[in-house]
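Undergrad: With the hints as your guide, set chain X onto chain G.
Heads up: the sequence lines are chains G and X, in that order. Mapped onto the UniProt record's numbering, the consecutive letters of the first sequence carry residue numbers 1 to 245. Mapped onto the UniProt record's numbering, the consecutive letters of the second sequence carry residue numbers 1 to 245.
Careful, some of the hints might be misleading.
Here are the simulated BS3-like cross-link-like pairs (lysine-lysine), alpha carbons at most 30 Å apart as the crow flies [to be verified]:
1) Lys106/G <-> Lys78/G
2) Lys78/X <-> Lys23/G
3) Lys37/G <-> Lys79/X
4) Lys78/X <-> Lys106/G
5) Lys90/G <-> Lys37/X
6) Lys78/G <-> Lys17/X
7) Lys32/X <-> Lys79/G
8) Lys150/X <-> Lys143/G
9) Lys217/G <-> Lys23/G
10) Lys35/G <-> Lys90/X
11) Lys79/X <-> Lys150/G
12) Lys90/G <-> Lys35/X
13) Lys35/X <-> Lys150/G
14) Lys79/X <-> Lys23/G
15) Lys78/G <-> Lys37/X
16) Lys35/X <-> Lys78/G
17) Lys90/X <-> Lys32/G
18) Lys143/X <-> Lys35/G
19) Lys143/G <-> Lys32/X
20) Lys32/G <-> Lys79/X
21) Lys79/X <-> Lys143/G
22) Lys79/G <-> Lys35/X
23) Lys207/X <-> Lys189/X
24) Lys150/G <-> Lys78/X
25) Lys78/G <-> Lys32/X
Treat the hints as calculated values from the structure; they're not laboratory data.
There are 2 protein chains.
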Amino acid sequence: MNFIRKIVKTRSEEDEKLFNELKQLLNFSPRKISKYKKAFTHSSLQIQDINGNPVNYERLEFLGDSILGSVISAYLYKKVPTGTEGYLTKMRSKIVSREHLNELGKDLNLLSFVKSNVDEANVGDNIHGNIFEALIGAIYLDKGYQTCQKFIYENVIDPYVDIEKLEGKITSYKGLIIEWCQKQKKKYKFDTYEDSGNENIKHFSVKVSIDGELVAKGRSTSKKKAEEQASKRVYYAFQNQISIN
Amino acid sequence: MNFIRKIVKTRSEEDEKLFNELKQLLNFSPRKISKYKKAFTHSSLQIQDINGNPVNYERLEFLGDSILGSVISAYLYKKVPTGTEGYLTKMRSKIVSREHLNELGKDLNLLSFVKSNVDEANVGDNIHGNIFEALIGAIYLDKGYQTCQKFIYENVIDPYVDIEKLEGKITSYKGLIIEWCQKQKKKYKFDTYEDSGNENIKHFSVKVSIDGELVAKGRSTSKKKAEEQASKRVYYAFQNQISIN
Numbered sequence: 001m002n003f004i005r006k007i008v009k010t011r012s013e014e015d016e017k018l019f020n021e022l023k024q025l026l027n028f029s030p031r032k033i034s035k036y037k038k039a040f041t042h043s044s045l046q047i048q049d050i051n052g053n054p055v056n057y058e059r060l061e062f063l064g065d066s067i068l069g070s071v072i073s074a075y076l077y078k079k080v081p082t083g084t085e086g087y088l089t090k091m092r093s094k095i096v097s098r099e100h101l102n103e104l105g106k107d108l109n110l111l112s113f114v115k116s117n118v119d120e121a122n123v124g125d126n127i128h129g130n131i132f133e134a135l136i137g138a139i140y141l142d143k144g145y146q147t148c149q150k151f152i153y154e155n156v157i158d159p160y161v162d163i164e165k166l167e168g169k170i171t172s173y174k175g176l177i178i179e180w181c182q183k184q185k186k187k188y189k190f191d192t193y194e195d196s197g198n199e200n201i202k203h204f205s206v207k208v209s210i211d212g213e214l215v216a217k218g219r220s221t222s223k224k225k226a227e228e229q230a231s232k233r234v235y236y237a238f239q240n241q242i243s244i245n
Numbered sequence: 001m002n003f004i005r006k007i008v009k010t011r012s013e014e015d016e017k018l019f020n021e022l023k024q025l026l027n028f029s030p031r032k033i034s035k036y037k038k039a040f041t042h043s044s045l046q047i048q049d050i051n052g053n054p055v056n057y058e059r060l061e062f063l064g065d066s067i068l069g070s071v072i073s074a075y076l077y078k079k080v081p082t083g084t085e086g087y088l089t090k091m092r093s094k095i096v097s098r099e100h101l102n103e104l105g106k107d108l109n110l111l112s113f114v115k116s117n118v119d120e121a122n123v124g125d126n127i128h129g130n131i132f133e134a135l136i137g138a139i140y141l142d143k144g145y146q147t148c149q150k151f152i153y154e155n156v157i158d159p160y161v162d163i164e165k166l167e168g169k170i171t172s173y174k175g176l177i178i179e180w181c182q183k184q185k186k187k188y189k190f191d192t193y194e195d196s197g198n199e200n201i202k203h204f205s206v207k208v209s210i211d212g213e214l215v216a217k218g219r220s221t222s223k224k225k226a227e228e229q230a231s232k233r234v235y236y237a238f239q240n241q242i243s244i245n
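If we strip away everything but chain G, and leave its shape as in the complex, we get:
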């Protein structure tokens, strides 16, 4: 016990703070804090290790991109047994598109961890996605493939990957629900409000009622996302009655 306490105590105050923030972000206890520090270090700082090698997130980005690709590939392979090789490749490109990765990085507010000599306004939008990939690389080096896979499911696949949307069959679940309610002469209500709780990142919640009855709830980092999440749940609740063609 004393031994364990000693290890924990040898961490600097700064590391201790990062450890706690990472624990909340990652949903597990990180071990090798140095890997995450590297994932959050921009090349503009021009940091070098004792051998003169640059220390920044670019190499981790290479690693994370590849691990992310394989986790998404395996997910798609199992999720869409009817998909051809071409279909799977196309779907994967959509999921790991620069635009989508930037959005994921922004959602997790990763920029707040980044150390850089460049002004936030001048780093460019791609930094969000790059850091997201580097973070995946760091998780892989810290905890291995399984933990990485779990992180990707929790932060990419479960909340955001939607085959119907990716296929372009549904562009907006909210739109679909409203259209269906209007056709069926049902009254619908989206009750959306800020609901950040104790979290650092702003969150929104929404309750969707149909004909005065609560059908589904949603919660996410933007109003639009929370509404889409709740609407998707409404869609699944009435799936037999709602046609998407």
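TA: Here is chain X on its own, set in the frame of chain G:
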């Protein structure tokens, strides 16, 4: 015990044969034989499952390609700590090039497993690499990432990946050794002979002697590869004396 024997016995004779061949090929006991059967099924057979979905190796090829990429990325990340993102990307492309994968598939004689309606002469050279990738996909589905990684180390990285060669610093270890011996006025001898033992695939062995003393041995599926392997070992034995610039 009886229960286990019963499971084994329910395998058909054909599956039993495939199981034994796979065990030799993979260096572990496969569980889900159907995955490997799919990896060896060409689309020309036009096989469909009960839902009308095509059964062939193309989807597994998509999966295997992605898993292979991530294992190679992680290997390179750790192996070359000085390599930039661009360097790592370039090295990975060389390792997973179509040409290299075809060579790997040929080495393992994977075509002998393939069921196809197309003449062997007409399937094209890429089938070797495609089947190799599909096999990796099947291993992933059967046994998971760790076993896949082990297979890739045993069949790609350990025998064939050589950073010095990939960087173009050394094009042939045999050439390097001969050149060095000539400069140093040393007598060298490559004693190369067929050495297939009990294996299905033809193998060659080589003994390299310098000034009458055996320095290194090599064994592989071609004379050239066996000689390169042995020469590389000679290179490492004399590394302090041989300059590659």
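Undergrad: Now look at each hint and say whether the structure bears it out.
TA: Results of checking the hints against the structure:
no. : hint                  : result
1   : Lys106/G <-> Lys78/G  : holds (28 Å)
2   : Lys78/X <-> Lys23/G   : holds (25 Å)
3   : Lys37/G <-> Lys79/X   : holds (21 Å)
4   : Lys78/X <-> Lys106/G  : holds (29 Å)
5   : Lys90/G <-> Lys37/X   : holds (26 Å)
6   : Lys78/G <-> Lys17/X   : holds (28 Å)
7   : Lys32/X <-> Lys79/G   : holds (19 Å)
8   : Lys150/X <-> Lys143/G : holds (18 Å)
9   : Lys217/G <-> Lys23/G  : holds (27 Å)
10  : Lys35/G <-> Lys90/X   : holds (23 Å)
11  : Lys79/X <-> Lys150/G  : holds (26 Å)
12  : Lys90/G <-> Lys35/X   : holds (23 Å)
13  : Lys35/X <-> Lys150/G  : holds (24 Å)
14  : Lys79/X <-> Lys23/G   : holds (29 Å)
15  : Lys78/G <-> Lys37/X   : holds (17 Å)
16  : Lys35/X <-> Lys78/G   : holds (13 Å)
17  : Lys90/X <-> Lys32/G   : holds (28 Å)
18  : Lys143/X <-> Lys35/G  : holds (29 Å)
19  : Lys143/G <-> Lys32/X  : holds (28 Å)
20  : Lys32/G <-> Lys79/X   : holds (19 Å)
21  : Lys79/X <-> Lys143/G  : holds (18 Å)
22  : Lys79/G <-> Lys35/X   : holds (16 Å)
23  : Lys207/X <-> Lys189/X : holds (8 Å)
24  : Lys150/G <-> Lys78/X  : holds (22 Å)
25  : Lys78/G <-> Lys32/X   : holds (15 Å)
Going through the hint list in order, the structure satisfies each hint without exception.
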